[in-house]
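The hints should help you fit chain B onto chain A, whose structure is shown.
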Amino acid sequence: MISDVEILPSNLIYHELIGLFVKVVDSTNPSLIGIRGPVIDETKNMLLVETSQARELMIPKAGTEFIFRIPAKLSEKGRRSDTFVKVQGNLLLSQPENRIKSIKKLRKWG
Amino acid sequence: MSKVFRKKKKQKNLMRELATQRMWRLFELAEQEFGEHPERSERYVRLIRGISMRNRIRTPGEIKRRICKHCYAFLVPGRNARYRLKDGVLVISCGTCGKEMRYPYRSKIAKKSGERILERKEKGTEFRPSQET
Chain A
10 MISDVEILPS NLIYHELIGL FVKVVDSTNP SLIGIRGPVI DETKNMLLVE
60 TSQARELMIP KAGTEFIFRI PAKLSEKGRR SDTFVKVQGN LLLSQPENRI
110 KSIKKLRKWG
Chain B
39 MSKVFRKKKK QKNLMRELAT QRMWRLFELA EQEFGEHPER SERYVRLIRG
89 ISMRNRIRTP GEIKRRICKH CYAFLVPGRN ARYRLKDGVL VISCGTCGKE
139 MRYPYRSKIA KKSGERILER KEKGTEFRPS QET
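Chains as they are written, first to last, in our numbering: chain A, 10 to 119; chain B, 39 to 171.
Don't read these hints as lab results, they were simulated from the structure. Each residue gets a CB set at the ideal place from its N, CA and C atoms; glycine is no exception. Hints are not guaranteed to be accurate.
To be verified - In the SDA-like style, the derived pairs of lysine to any residue whose C-alpha atoms are separated by at most 25 Å in a straight line are:
{"#": "1", "chain 1": "B", "residue 1": "K107", "chain 2": "B", "residue 2": "I155"}
{"#": "2", "chain 1": "A", "residue 1": "K110", "chain 2": "B", "residue 2": "F43"}
{"#": "3", "chain 1": "A", "residue 1": "K82", "chain 2": "B", "residue 2": "K107"}
{"#": "4", "chain 1": "B", "residue 1": "K137", "chain 2": "B", "residue 2": "G99"}
{"#": "5", "chain 1": "B", "residue 1": "K45", "chain 2": "A", "residue 2": "V14"}
{"#": "6", "chain 1": "A", "residue 1": "K95", "chain 2": "B", "residue 2": "L52"}
{"#": "7", "chain 1": "A", "residue 1": "K110", "chain 2": "B", "residue 2": "R84"}
{"#": "8", "chain 1": "A", "residue 1": "K53", "chain 2": "B", "residue 2": "G99"}
{"#": "9", "chain 1": "A", "residue 1": "K82", "chain 2": "B", "residue 2": "R54"}
{"#": "10", "chain 1": "B", "residue 1": "K50", "chain 2": "B", "residue 2": "R94"}
{"#": "11", "chain 1": "B", "residue 1": "K48", "chain 2": "B", "residue 2": "Q59"}
{"#": "12", "chain 1": "B", "residue 1": "K48", "chain 2": "A", "residue 2": "D13"}
{"#": "13", "chain 1": "B", "residue 1": "K107", "chain 2": "A", "residue 2": "E106"}
Unchecked claim - Per label pair, the in silico range of CB-to-CB distance:
{"#": "14", "chain 1": "B", "residue 1": "R144", "chain 2": "A", "residue 2": "Q104", "range": "38 to 44 Å"}
{"#": "15", "chain 1": "A", "residue 1": "D91", "chain 2": "B", "residue 2": "C135", "range": "38 to 44 Å"}
{"#": "16", "chain 1": "A", "residue 1": "G43", "chain 2": "B", "residue 2": "C135", "range": "28 to 34 Å"}
{"#": "17", "chain 1": "A", "residue 1": "K95", "chain 2": "B", "residue 2": "K45", "range": "27 to 33 Å"}
{"#": "18", "chain 1": "B", "residue 1": "G116", "chain 2": "A", "residue 2": "T37", "range": "46 to 52 Å"}
{"#": "19", "chain 1": "A", "residue 1": "E15", "chain 2": "B", "residue 2": "R92", "range": "31 to 37 Å"}
{"#": "20", "chain 1": "A", "residue 1": "K95", "chain 2": "B", "residue 2": "K47", "range": "31 to 37 Å"}
{"#": "21", "chain 1": "A", "residue 1": "E74", "chain 2": "B", "residue 2": "G126", "range": "52 to 58 Å"}
{"#": "22", "chain 1": "A", "residue 1": "S40", "chain 2": "B", "residue 2": "L52", "range": "37 to 43 Å"}
{"#": "23", "chain 1": "B", "residue 1": "K45", "chain 2": "A", "residue 2": "T60", "range": "30 to 36 Å"}
{"#": "24", "chain 1": "B", "residue 1": "E66", "chain 2": "A", "residue 2": "A71", "range": "54 to 60 Å"}
{"#": "25", "chain 1": "A", "residue 1": "K95", "chain 2": "B", "residue 2": "G116", "range": "40 to 46 Å"}
{"#": "26", "chain 1": "A", "residue 1": "R45", "chain 2": "B", "residue 2": "K47", "range": "39 to 45 Å"}
To be verified - Over 12 Å on every C-beta distance to chain B, these chain A residues come out as not near it, computed from the model:
{"#": "27", "residue": "T37"}
{"#": "28", "residue": "N38"}
{"#": "29", "residue": "T60"}
{"#": "30", "residue": "M67"}
{"#": "31", "residue": "G72"}
{"#": "32", "residue": "I76"}
{"#": "33", "residue": "A81"}
{"#": "34", "residue": "L83"}
{"#": "35", "residue": "G87"}
{"#": "36", "residue": "S90"}
Only chain A is shown next, with the shape it has when bound in the complex (with noise of 0.2 Å):
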């Protein structure tokens, strides 16, 4: 019935954040280095992150790069481990339902 989701380092700037575990390995603002958890909501500048102490936090995605954990069950098929993707925030700035269309942007000027 499920359709087989695949989330590779190529697609996944186009692809559901919402669920992925993420790390925050640099940014403008400091004290946000180091913060960890599995994303729960997306807006078009933030990333919704639950930490370990049940707390929710909001992250921009503007000037932060964050580690991605693809599950080895979502990743390429026939992969047994995690992937670990590093992604530039300000890749991601958009709204959710939009950041499929901006394939055709990237395409467009190379």
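Same frame as chain A, but now just chain B:
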């Protein structure tokens, strides 16, 4: 088919594929979160609808039947929704807003049974299910 057109079509297919994958992923998450955080699963339903509308891609039928058509609540059978089969129609009643959705199934057979009822009426041996139950 021109080259530009072919490229456009390829991109469209890629977008469609990604959008359906995202809808399934959100659906899965909505199901997981319903027990502890029902408000999150509602938000994920909103996102499913957003993706489907913004990119003009159909929501898969299995997902559609787990979302209330009227109030967009995430429906879990036995918790906030009732699924009943009635005269060839699947009736889903939403526990949040109390409204009903009706999905006909086996339309050909249902039509046949309707014809049979007409025949019985002509003969005078009408079958009334409401009286029996």
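Of the numbered hints stated earlier in the document, which are not met by this structure? 1, 3, 8, 16, 19, 23, 24, 34
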